[in-house]
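Taken in sequence, the protein lines are chains H and E. Residue numbers are given in our numbering: position 81 of the first sequence equals residue 81, and the series is strictly consecutive. Residue numbers are given in our numbering: position 416 of the second sequence equals residue 416, and the series is strictly consecutive.
It is possible that part of the hints are untrue.
[To be verified] Across the chosen pairs, the derived CB separations fall in these ranges:
(1) E:241 to H:59: 42 to 48 Å
(2) H:59 to E:89: 41 to 47 Å
(3) H:10 to E:72: 44 to 50 Å
(4) E:412 to H:61: 58 to 64 Å
(5) E:375 to H:20: 20 to 26 Å
Read the hints as simulated data drawn from the structure, not as lab findings. Just so you know, even glycine gets a beta-carbon here, dropped at the ideal spot from N, CA and C.
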Amino acid sequence: METQLTLLFFVLVLSIFLGFELISKVPSTLHTPLMSGANAISGITLVGALLASGSGFVSQPLSVLLGTAAVTFATINVVGGYLVTNRMLSMFKKKKAE
Amino acid sequence: MILFEQFNSEIVVNLIYILAAMLFIFGLKMLGSPETARRGNLVSASGMFLAVVVTLLDQSIIDFSFILIGVCIGSLIGFFAATRVKMTAMPEMVALFNGFGGIASLLVGSSEYLVGFDPNSALLIAIYLTVLIGGVTFSGSLIAWGKLSEIISGKPFLYKGQQIVNALLLGFILLSGLEMIFFQGLFTENQFQILGIICLLAFTLGILFVIPIGGADMPVVIALLNSFSGLAACAAGFVILNNVLIVSGALVGASGLILTNIMCKAMNRSLANVLFSGFGAVTDTATGETADQGEVRPVNTADAYLILEAASSVLIVPGYGMAVAQAQHSVRELGELLEANGAEVKYAIHPVAGRMPGHMNVLLAEANVSYDVLVEPEDVNPIMETVDVCMVIGANDVVNPDAKENEGSPIYGMPIIETDRAKTVFVLKRSMASGFAGIQNPLFFKSNTRMLFGDAKESVSNLVAEFKG
């Protein structure tokens with residue numbers, strides 16, 4: 001348990017550094033798609049929501065209800081986030097060289 | 001044998017989670033250039049798809065009916081929101097999605113808390129943080145959404161004793177955390193009570209945190225809440241001990257923080273100043289003292305056309321006013337005509353020009369402006385003297401020379417697009433009213449400035465007609 005937590009903390013710290021490195025290379029022209037894409041990625045909490053929602057209504061009614069609500073919200077983020085980001089990015093075009 | 005298989009499948013599942021995290025990272029890396037960005041988004045989406053599919057194979061899931069209901073409703077809403085939203089309303093949508101991310105993490109944390117697992121303080125801390133950050137993100141985002149869509153007044157809302165109320169609230173939040181993690185039943189009768197109290201306190205904190213902040217500062221707030229929604233997912237990752245949640249939550253958290261920092265720098269203000277000062281609530285005093293600046297020099301369309309026709313380099317400086325007037329398509333048309341006429345046309349975009357980071361770029365991309373002619377202030381300021389004509393369309397504070405010259409100005413020190421150094425400046429403006437921050441703009445009175453009064457779309461269309469005629 002303790003070693004697992006320590007490892008996860010290690011992952012957290014490395015991810016934060018990696019995040020700063022990656023994101024600072026995103027040009028300002030793409031900052032809005034970056035934010036809507038980040039919305040979609042934060043929908044990853046769907047993974048936890050699925051486990052709660054599928055734990056069986058008879059044995060865990062409360063967990064299932066909360067989990068299903070979480071699944072709904074997280075899915076909105078995932079589906080809506082990726083679709084709207086794609087929609088925006090498809091508008092970014094470079095004029096063809098004449 | 002069974003033990004061996006379980007051990008094996010757990011390793012496979014975790015490896016796939018790591019693969020999903022890698023796809024998120026590659027997706028973000030590909031967002032580094034507009035050429036690869038769209039594919040990057042697909043890579044990231046495929047990472048999400050992998051993570052979801054491998055989770056569905058988990059043996060602890062015994063009933064798929066509720067999952068199906070949630071996924072169907074969520075997909076439907078997400079699909080319609082994404083395909084219907086107007087590009088001018090992107091800040092509202094991102095604000096709302098920040099909130100959804102927060103509440104989803106809060107619900108996951110709550111569900112884990114209430115199923116009665118083996119209580120240990122590390123998990124309890126993670127649950128407490130998930131619920132707290134998720135709750136603040138949710139209610140704060142709803143208020144930000146309300147302010148952006150003007151359901152709630154965009155004015156900063158300040159009241160007496162604000163700091164005392166905030167301090168008390170923070171005290172209660174700390175106390176409730178101690179109760180949940182360590183005392184466990186000293187003040188409350190059961191888990192439902194303490195969880196309910198923490199949710200309520202978190203929601204209140206979110207509301208009180210965003211409501212004092214003015215509408216003009218909402219870009220900073222959305223970026224910060226974007227970061228919070230990631231941190232909530234990250235905390236939820238510690239609750240269910242899942243590495244992919246931690247990695248992606250941290251990536252989103254870092255992204256939001258960087259954007260927050262960029263926006264603050266673009267306004268030359270600290271985050272604390274944005275969050276706590278209620279900027280714009282007291283600027284009435286600043287406008288009074290700048291009464292006598294000289295006179296403005298209006299210009300009509302025909303004369304403006306003659307100057308533009310002779311120009312060999314034109315810099316367009318758009319502000320949110322351009323999008324409000326729906327002028328971006330006419331502006332793009334004018335830009336093309338100027339290029340056909342032999343002029344070099346660029347668009348200088350200030351980081352706070354739109355209502356969220358990068359917003360103006362999206363609005364121009366929607367109007368088919370090629371992304372390689374969109375430039376940043378630090379690219380054009382050094383060569384401003386060589387620019388024949390600057391066209392300021394619906395922008396005001398981001399071209400205000402007071403930011404450089406007038407130490408008494410509320411925006412002194414803010415990086416601006418130094419249009420006043422161009423040979424000629426056209427300012428397209430409806431009237432002489434002051435901008436978002438309520439500050440007078442000496443640019444309008446400079447000798448090289450010409451005011452083209454009227455609706456931005458109409459003025460630009462008239463110029464387009466002159467070029468065609």
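Okay, the hints, checked on the actual structure:
1. Distance hint check for residue 241 (chain E) and residue 59 (chain H): the Cβ-Cβ separation is about 21 Å, which falls outside the suggested range of 42 to 48 Å.
2. The hinted range of 41 to 47 Å is satisfied by residue 59 (chain H) and residue 89 (chain E), whose Cβ atoms lie roughly 43 Å apart.
3. A hinted range of 44 to 50 Å is violated for the C-beta pair residue 10 (chain H) and residue 72 (chain E), which are about 38 Å apart.
4. Checking the proposed 58 to 64 Å range against residue 412 (chain E) and residue 61 (chain H) shows it holds: the Cβ atoms sit about 60 Å from each other.
5. Between residue 375 (chain E) and residue 20 (chain H), the C-beta spacing of about 25 Å keeps the proposed range 20 to 26 Å intact.
When each numbered hint is compared with the structure, violations occur for hints 1, 3.
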